Every structure is written in C-alpha cells, then in structure tokens.
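Going down the list, the protein sequences come from chains A and B.
Taking the working numbering, the leading residue of the first sequence gets 1, the next gets one more, and so forth.
Taking the working numbering, the leading residue of the second sequence gets 1, the next gets one more, and so forth.
Note that these hints are calculated values from the structure, not bench results.
Note that the structure is predicted; figures quoted are calculated from it, not measured.
Keep in mind that a hint or two might mislead.
Copies of the same chain look alike in the list, so a pair counts if it fits in one copy or across any two.
[As the list claims (entries may be wrong)] Straight-line alpha carbon distances no greater than 25 Å define the calculated PhoX-like cross-link-like pairs of lysine-lysine that follow:
#1 K404 with K167
#2 K378 with K65
#3 K206 with K65
#4 K83 with K2
Number of protein chains: 2
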Amino acid sequence: MKSDLDRLMKEHDIDVLLVNGPAQHNPAMVYITGGGHITNADVIKKRGQGAVLFHGPMERDEAVKTGLKTISYSKYPIQQLFKETHNNHVDAIALRYQKMFTDLGISSGRVAIYGNNEIGAMYSVFTRLQQRMPGLQFQGFIQDEILLTAMMTKDADEIEHIRQMGKVTVSVVARTADYLTGFKAEKETLVHPDGSPLTIGEVKNKINLWLAEAGVENPEGTIFAIGSDAGVPHSTGTASDPMRLGQTIVYDIFPCEAQGGYFYDFTRTWCLGYAPDAELRLYEQVKSVYDAIASELKVNAPFGQYQTRTCELFEAQGHPTLLHTPTTEVGYVHSIGHGVGLNIHEKPWASAANVSSSDILAPGAVFTLEPGLYYPDKGMGVRIEDTWQVTPDGKFEMLADYPKDLILPVKSK
Amino acid sequence: MKSDLDRLMKEHDIDVLLVNGPAQHNPAMVYITGGGHITNADVIKKRGQGAVLFHGPMERDEAVKTGLKTISYSKYPIQQLFKETHNNHVDAIALRYQKMFTDLGISSGRVAIYGNNEIGAMYSVFTRLQQRMPGLQFQGFIQDEILLTAMMTKDADEIEHIRQMGKVTVSVVARTADYLTGFKAEKETLVHPDGSPLTIGEVKNKINLWLAEAGVENPEGTIFAIGSDAGVPHSTGTASDPMRLGQTIVYDIFPCEAQGGYFYDFTRTWCLGYAPDAELRLYEQVKSVYDAIASELKVNAPFGQYQTRTCELFEAQGHPTLLHTPTTEVGYVHSIGHGVGLNIHEKPWASAANVSSSDILAPGAVFTLEPGLYYPDKGMGVRIEDTWQVTPDGKFEMLADYPKDLILPVKSK
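Isolated chain A (complex conformation) (with noise of 0.2 Å):
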C-alpha cells in the first residue's frame, strides 16, 4: 500500500522518487496523483516526505485537485533554460530538472525513474542530467520492487474500485451471451433475419458500447477470438469471422475506469450451441485445472507455486507445457495469472521470467487464475479466468461472480 512506499525505500536504498509523464493511461502518476486532466508532469517524492507534482502553468487547476504540494513549470521559464543551454532542447529539459531537484535540496542520492512517456527523448534527458548532477545517481526497474510493491497490496478504498469493474465486466459478459443467444443459427453459424451471418467485428462493437454506457474504457480492447484464432493466446479475433456454431470463443475483458485507472480482469470459453467432444474434453480439462489451483491457494504462498502446480497439473493430463518444454506454443503457454490494478498486469507475479521473493499472495494482494491450453492447428483453444482478491484476513475471495457454462444455447439449427 502507499503507506508501505518510505518503507520500501529504504529497503532497496533509494533516496527520491521521480514519476514522470501524464495524470492518465500512466498507472504510477495516476497512484501518486489519483490521476486528473494532467498531460505532462513530474512527482518528486524524498524519502520520508511528502510528494511534489511540477505541472504546466495551465493545468494548475487540475494539479492542486490532486491535493499535493505543487509547483507550476513556469518557475523556470523555457527561454532562460534555452538561452543558458544554447537552445539544446535535451539539455534545456535536463536543466529543469536540475534546477527542480536543487529547489527541493536533493543533491545526491539514488533517485529512481518511473511513468510512461517517450523513452528515447528520456533517455537523452536523463543521460544529460546525470552528467549535471554526478552526486545523484539514476535508475529504472524492470522488475520493479518498490513502487509495484506497494501497489500489489490494495487498500479498501481500491479494492471496491476494482469490484465495482468486475460488476461492470460481468454485466457485459452477461449482456454478450443475451444478444448471442438471441441469434437463430443456419448451417452452423449465427445470423441475422436476412441471413447474413454475425461476425465477430459485430459483436465487438456491441462490446465496446456497453461498456462505454457504463462510463469504463477499452484501451487495450477485448480478445473475442473462435477456432482457430482461440487457440492463439493474444489472437484478440478476426472481425470478419462468422460465428460459428461448435467452435470454441475465447473471450477475454479487461476494461478499466474511465481516464486510466482500475482494471478488472475476465475470461470465459463458449461454445455456442454444442461443443463437439475434444472441445469439451479440452474444456474440462482447463476446469478441472482452475477448481484446483483455487482450492489451494494459501494465504502468503509465492503466486509462483501455483504456476509450477498448474504446469504439473497440465501435464499430468498429457499437455505440454513452459514447466519442460519451455519454447512450446501448444498446450499450456502462459502463466497461471498476475496481478491486476492501475496496470492490467503488475505484481504479484506468476510466471518464472519475473517471479521475485516479494510475489506472494499477500493480504490486499489482486490476482488473476487463468489457467488455459492452446491447440491452433486442432482449431481450438479454451481460457477460464477471474479476479481474485486476498482478504485483509487472508481469505480468497472472487471479485466478480460469473457462471462458467461452456455452451451458449442458440435459437435453432
């Protein structure tokens, strides 16, 4: 949680905090900020202290709703920043920053680097600045312990952002399988009164309005993919498919609140009027595989764990899996889950490549199970996934309730 942030700092040995970019779409200045109509901006936060946002001299109004100290950018007017670095635009920027640090005393120290922004026109930027101020020394996280880390443990108030997400995600689910099922089916495939099928570009569309109507965003979009294209994890659907009767849809949500803020997470498989006998074989599989993990999900465990079980798991019922075919592209190909926020997929995490000792399912902790197996070239793929929460008193608990029918009923044949 935030109030973990002074903590982990000293942990890791860094001294300030720099966040740059906008208040939106920008998951560690939305943390810092709350988020708000900010295009461009700067959080510096010492260790121990309280946050300073630097904002353009016309978004001031936005900035003070963010309730931190701040100061606008036209404390250091752009032509004596040009004019003192011979109109160098990176050394101008690089300037600033010098000068904003010196303002808040901050000569020397680890300061790490976060937000999203242009990372070349940073990279100039920062490079330079590190050559003006050699007694600070900058850094950025791949595999970020600090900030990530206290984002992993939610506090209420995030919490219930993100179940409100999850109701708005399974009541558009909801609505997807009504307007299906409202469809008649000839040769196999859905269609409109005047026989022309329903395709996949259709039903999206209808997604994409249902969840605007209920104030969320799609920035990321929705994967809405059959046959074939299901059995390809990230295969979001080809708009132009019909759809087709007996097929297994992978239909995988990730809407989050309007202007960049939570995310909720979601995934069934349909067939629509049957499923043929290695789709729900397929299907039962992937089930089996969700209802156990769930069941022994363990308060503080390394998410880690359940990624090696559910490998094992998979294995035992004859697929391959990452656990000892690690370049496969059939069978079980991702990770058990991840965690789910201001980012669609922060810590914990599951998958080896990024596992660290501080992914563990921790009071506060927002996940992702997901377990799923992938044939493309058998036209097949199935997926089941919720959101779970752990409890302040470390139960698990589903965030959003969703019955998992493999076969949506169609009108006729």
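Based on the hints, put chain B in the right spot on chain A.
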C-alpha cells in the same frame, strides 16, 4: 511521409531507428506497424532497409498482420539471458537487444530511440546496452526532426482517416447541441423535467456514449467547462457544475480511432440562451482573429509566424499575450495550433518553445487553428478550433465544417 524516413535519417546522421512499446496508443509504433493487439515489441529499421518487428511468441499472428519481417523474442530464450547476466533483469534485456542488433548486422552507428514505455526501465536498459555496444550511439529527441517530420506530412490515406474522425467529431458536437437545446431552463439553469439541474458530468457521459457508438476512443477525455473553468484553457470542467445560461462553455473534443489511431481536434464556445455583452465581445474578438489567421495562411509558410501574428492581433485588441507578457495566465496564453495525427499534438509546431525550420505548413500537413482568450477571474473563456489540411496542391481546407454560433437557444427561461 513514411517515404521520407530514409532521407530524414540521412540528413540527421541517424543509421538505425529503434521503436519500442505496444502497438496501441503508441504513435511511433502505430505509424511503423499500422497498430494491432501487440502488448510489447521492438522495431529496428536500418537506413535504406525495411523494418524488422521483434515480438512476443504469443503475439505472432498479430505481428504477421503488420506485413513487416518478424522475429519472435523466443529466439532469445529468457532463461538463457538470465543465466548469462546472473539474473539481472535490466542486463538481460540489454543483452537481448545486443543479440537482436547483432543478428541484424548492426554494430556501429547512431541509433534513434522512439516509443512510449516505462522511462525508468528503458533508461537503465539503454544505459547498460550503451556499455555493451560502445560502437553504437543511442539517443532520443525532445524535438524530433526525423520520425515526427515524416509523420508531419500525411498521405491521402492518412488524410481520409483524419477526415473521417472529423465527421464523427462534428456529429457528436451536433448531438450535444441538440441534447442541450432539448432542455428547459429555470432560474438561469437547464433543468430535467423533475426540476433538477442538468450537470456538466451528465453531458460528458452522453458525449462519451456517442463517441463509443461511433466506434472511436476518447483517451484523453473531453473539455466541457463553463464560466471560470472555461477561463482556464486546460480545465476539463467540474462534473457537478450546473448548465447555467449566459456563461461561456468551452467544448474541446479530441477523440481518436479505436486502439490509438488518428485524432481529430475541435473546439466550440457556446453560451446557453443568451450572451452578456462581455462574453459576446470576447467571442467576437476571438472569431475575428480566427478569420484573419485563416485568411492569411500560405503554403510552406513557417507555422510559427502565425503565432506571432495572433499575438499581435490580440494585443491590438488590448489583451496580454505570450509575445510581450511571457508568463501571463490571462488573455492569449497558448499556441495558435499544432499538428494532428497519431499524436493529438505533433509537428508542425507553432509555439516559440518548439518551433524549428521544419515546422512549415507543407502540403500534407494537418494542423489546428485555435485562438482563444481566457479571463477566469471574470468567469469566462473563449476558444474556437478547427483541424485543417494543406492539400497536395497547396490549398487550405478545413477537414470538418461546423457552425460557429456562440448562442445555443433554450426553450424558455
């Protein structure tokens, strides 16, 4: 245009472009790949050669859709990278880049870095990669003269994307006007049939819904601000504010194509029912400057000259501007416009802080004209904005037409 890239790379002594990040809501990557559901990737393009897309193994189908040559990251197994770098995550990614560059036969020259991603992580990765590959020089730009200059001039297909977004935008603005004029007024405020006031928040929810119905996104939100909020250029408005008569409403709407494509940028200022003298005069002053600037546009002219000209015109009306009052927060406080494309703000630039010799109104340029005057203490602000193109034969065309009436009639008072 994209066909200018090799020439621009040569002019600026750049041997290699590196673009990193997702293929959605990441303009540089969308420009090179055409977009798609790719969560993280790298594009490396040597001068005079085609671009190569490095992608995650789970996203191979989406990668192939780009039409670029593709290489999966699975060619560089992560466990092997960790082994070679003693489990240092930053160095492991730097090593992967080293292997990728080496596989493409790149060991010397200047590499320009592009893309939106986590700036801290990438700062550390490129700092390490620079140590690993001293023959390469990595750099980014605050003032980019290569990719953004190529992107500045649009081809016919890009213009059509933007024109289509213009159609969507003005259709939503028209629905907003119809919606507002459908309400009755009581005590100087629009009210629901039950007498409760219509609020800014309700109007914004409708705007978002209409945008979603049109299948577009609104990643940065909409400015719909009344009274003193309208007097602060980037205030987005206060959701609980009632829709009062006789106050300026600044309505600035800038949606983009789904998953982060081309933007449109558009502003109208309205007064409900009537306009008091002061508001009317302010509006007429902005409108006269808009008309003057629009009539003076010349192909290949530096965009910045129109910023100076706008300041002169507003100062002749008695308003402070950035020209002679650089820190003013009232009067004319921003730029006459900016380029519009995959970025809501891009080249050509008009503001003194950004402008370079390449910021000209060249054929293919798409840009806004948006003069405005702001007096928050007097409870008012005015801005008028349209998006224009320079046609291939050097004419100026507004991309979506919409009336510029200040007053929106209301049913009764």
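Evaluation of the provided hints:
With identical chains, the CA atoms of K404 and K167 are at most 25 Å apart within one copy only, with a shortest distance of 16 Å there and 42 Å across copies. Proximity of K378 to K65 under the C-alpha cut-off of 25 Å is restricted to the inter-copy arrangement: shortest distance 21 Å between copies versus 54 Å within a copy. Within a single copy, K206 and K65 get their C-alpha atoms only as close as 35 Å, which misses the 25 Å cut-off; across copies the closest is 24 Å, which meets it. Taking CA atoms no more than 25 Å apart as the test, K83 paired with K2 passes in neither setting, with 40 Å inside one copy and 34 Å between copies.
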